[in-house]
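Colleague: Each chain, written out:
2 protein chains.
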Amino acid sequence: MKKRPLILVSNDDGIDAPGLHALVRALKHIARVAVVAPSIQQSAVGHAITVRTPLRAYKFHRNGTLFGHAVDGTPADCVKLAIRSLLKEKPDLVVSGINDGLNTAVNVIYSGTVSAATEGTILGIPSISVSLEYTQKPRFETSAKIAALLSRFVLRNGLPEDTILNVNVPAIPASRIKGIKYTRQGRSRWEDEFFQRKDPKNKDYFWLAGKMRILDKDEDIDQIALKAGYVSVTPIHFDLTHQQYLRKMREEWDGKFKLSL
Amino acid sequence: MKKRPLILVSNDDGIDAPGLHALVRALKHIARVAVVAPSIQQSAVGHAITVRTPLRAYKFHRNGTLFGHAVDGTPADCVKLAIRSLLKEKPDLVVSGINDGLNTAVNVIYSGTVSAATEGTILGIPSISVSLEYTQKPRFETSAKIAALLSRFVLRNGLPEDTILNVNVPAIPASRIKGIKYTRQGRSRWEDEFFQRKDPKNKDYFWLAGKMRILDKDEDIDQIALKAGYVSVTPIHFDLTHQQYLRKMREEWDGKFKLSL
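Order-wise, the sequence lines are chains L and G. Residue numbers for the first sequence follow our numbering, so the first one is 1 and each next one is one higher. Residue numbers for the second sequence follow our numbering, so the first one is 1001 and each next one is one higher.
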């Protein structure tokens, strides 16, 4: 009998986050699940990896049974350590999430959730990142079901090398979700603002705040598809080359820029 | 009289790193320079930003004069805080570096040096990241001169919106540098390995090691151009959409994948 596939689950909200637990419950219907996730909240760590200090991993129990491994590190650390050291067999799929907040537009590069999936892909395993729009009382069940449907599809059909699926789900009831859109990453970004305050010792500190400025319009863009009631699926990669400008650069810079050392 | 342009300098090796100081010296020939850099070494932090804790900034003096601001945060934090709060005027250019080690291939996504430049671009300022191949005794002068030549060129000619220059310099004497190549980001990546050891209390820890596995051949790819004795300049962006697969996905998935909730 063929073994059931193995899915590695990680996230950036930490091993005890409700989004991860909903995801694990849904994925157990279609596969064996191994959990390796940060021991504490790691939001906005981007694709950080820990190189200057050692990493620790702990067995993490829930309701008296072994649930997975907690790692004192970033999401990318978790996936690297899981695949290279902690797991006895190579997983067939990595699923990261479910993040409590969207990872659309520029957020993709700040996202620890996406970086866990990216790390899976770097290590040669098809990977999916799943995020749910932020609300005061998030309900992760619908996103978890979507994650399981996509996981089953990817386990059967595969993904091209070096391709990650970045999935975002609107915070609306399942009955109101209109369908799925295959989207591009948007250009929307944060209007940053720093609160500047005084601490109890009267010294300045700064705290990042701000709101998202929507710069996109087309419905084939992540954020806009979500607003229209669709699940957004963006295929992403980690080749950051700006191909279009590279062609232009080769034509235009060559005559003009001189490297006189 | 027109004011001299203002360049914001940051890095990930910290405000007292020799690579940053060589860069500042070279850039002072062509512009005014403001330094806002991490107070401590921040390698491999990727595009992390600090959202869950406040940030501190300190005036940093060298040889009795004010040199810049040190920030207890990541490279991306430094650039955000500089542009939004610390600097009285918007810089004309952001230059990040000079990193002690290459930021080619997959390293681009782990790199704090690149992320400082990316953050500059997100905030609407042309930005350049400069890295020097690692050696036991790095000499940053040639890279600093290259950074200044490219900075002058970009100050005059600009860069397209959302485009960062990722510059890498081989560790060879200036006289042996063959010229400049406009390159693509390579596919080479790390063969990760974790040292598993026992600490003084006999508990396990893991420490990331490994070496780069070169997967590329073409001389128009970052790592390969460097090996051939060229300075590598890769235009990068932060739209991670895998355009090619997106087109395929829209054709192939639509009939096959069903979102049955």
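No wet-lab data here; the hints were simulated from the structure. Remember, it's a predicted structure, so these values are computed and weren't measured experimentally. Take these hints with a grain of salt, some might be off.
[As the list claims (entries may be wrong)] For lysine to aspartate or glutamate, the following DMTMM-like pairs were computed, each having C-alpha atoms within a straight-line distance of at most 20 Å:
{"#": "1", "chain 1": "G", "residue 1": "K1145", "chain 2": "L", "residue 2": "E191"}
{"#": "2", "chain 1": "L", "residue 1": "K181", "chain 2": "G", "residue 2": "D1204"}
{"#": "3", "chain 1": "L", "residue 1": "K227", "chain 2": "L", "residue 2": "E161"}
{"#": "4", "chain 1": "L", "residue 1": "K90", "chain 2": "G", "residue 2": "E1191"}
{"#": "5", "chain 1": "L", "residue 1": "K248", "chain 2": "G", "residue 2": "E1161"}
{"#": "6", "chain 1": "L", "residue 1": "K88", "chain 2": "G", "residue 2": "E1191"}
{"#": "7", "chain 1": "G", "residue 1": "K1088", "chain 2": "L", "residue 2": "E191"}
{"#": "8", "chain 1": "L", "residue 1": "K88", "chain 2": "G", "residue 2": "E1193"}
Colleague: Check whether the Cα positions of K181 (chain L) and D1204 (chain G) lie no farther apart than 20 Å.
Modeller: 45 Å, violated
Colleague: Between the alpha carbons of K90 (chain L) and E1191 (chain G), is the straight-line distance 20 Å or under?
Modeller: Holds, at roughly 15 Å.
Colleague: Straight-line Cα separation of K248 (chain L) and E1161 (chain G) no greater than 20 Å?
Modeller: At roughly 14 Å apart (the allowed maximum being 20 Å), E1161 (chain G) and K248 (chain L) satisfy the hint.
Colleague: Given the hinted pair K1088 (chain G) and E191 (chain L), is their Cα-Cα distance within 20 Å?
Modeller: Between K1088 (chain G) and E191 (chain L) the Cα gap is close to 18 Å, so the pair holds against 20 Å.
Colleague: Given the proposed pairing of K227 (chain L) with E161 (chain L), does the C-alpha separation stay at or below 20 Å?
Modeller: Answer violated: K227 (chain L) to E161 (chain L) is near 30 Å, above 20 Å.
Colleague: Take a quick look at whether K88 (chain L) and E1191 (chain G) sit within 20 Å of each other, Cα to Cα.
Modeller: 18 Å, holds
Colleague: Is the Cα-Cα distance between K88 (chain L) and E1193 (chain G) 20 Å or less?
Modeller: Judged against 20 Å, a Cα distance of about 15 Å means the pair holds.
Colleague: Mind checking the alpha carbons of K1145 (chain G) and E191 (chain L) for me, to see if they're no more than 20 Å apart?
Modeller: The hint is violated at about 34 Å.
This entry does not satisfy hints 1, 2 and 3, going by the numbered hints stated previously.
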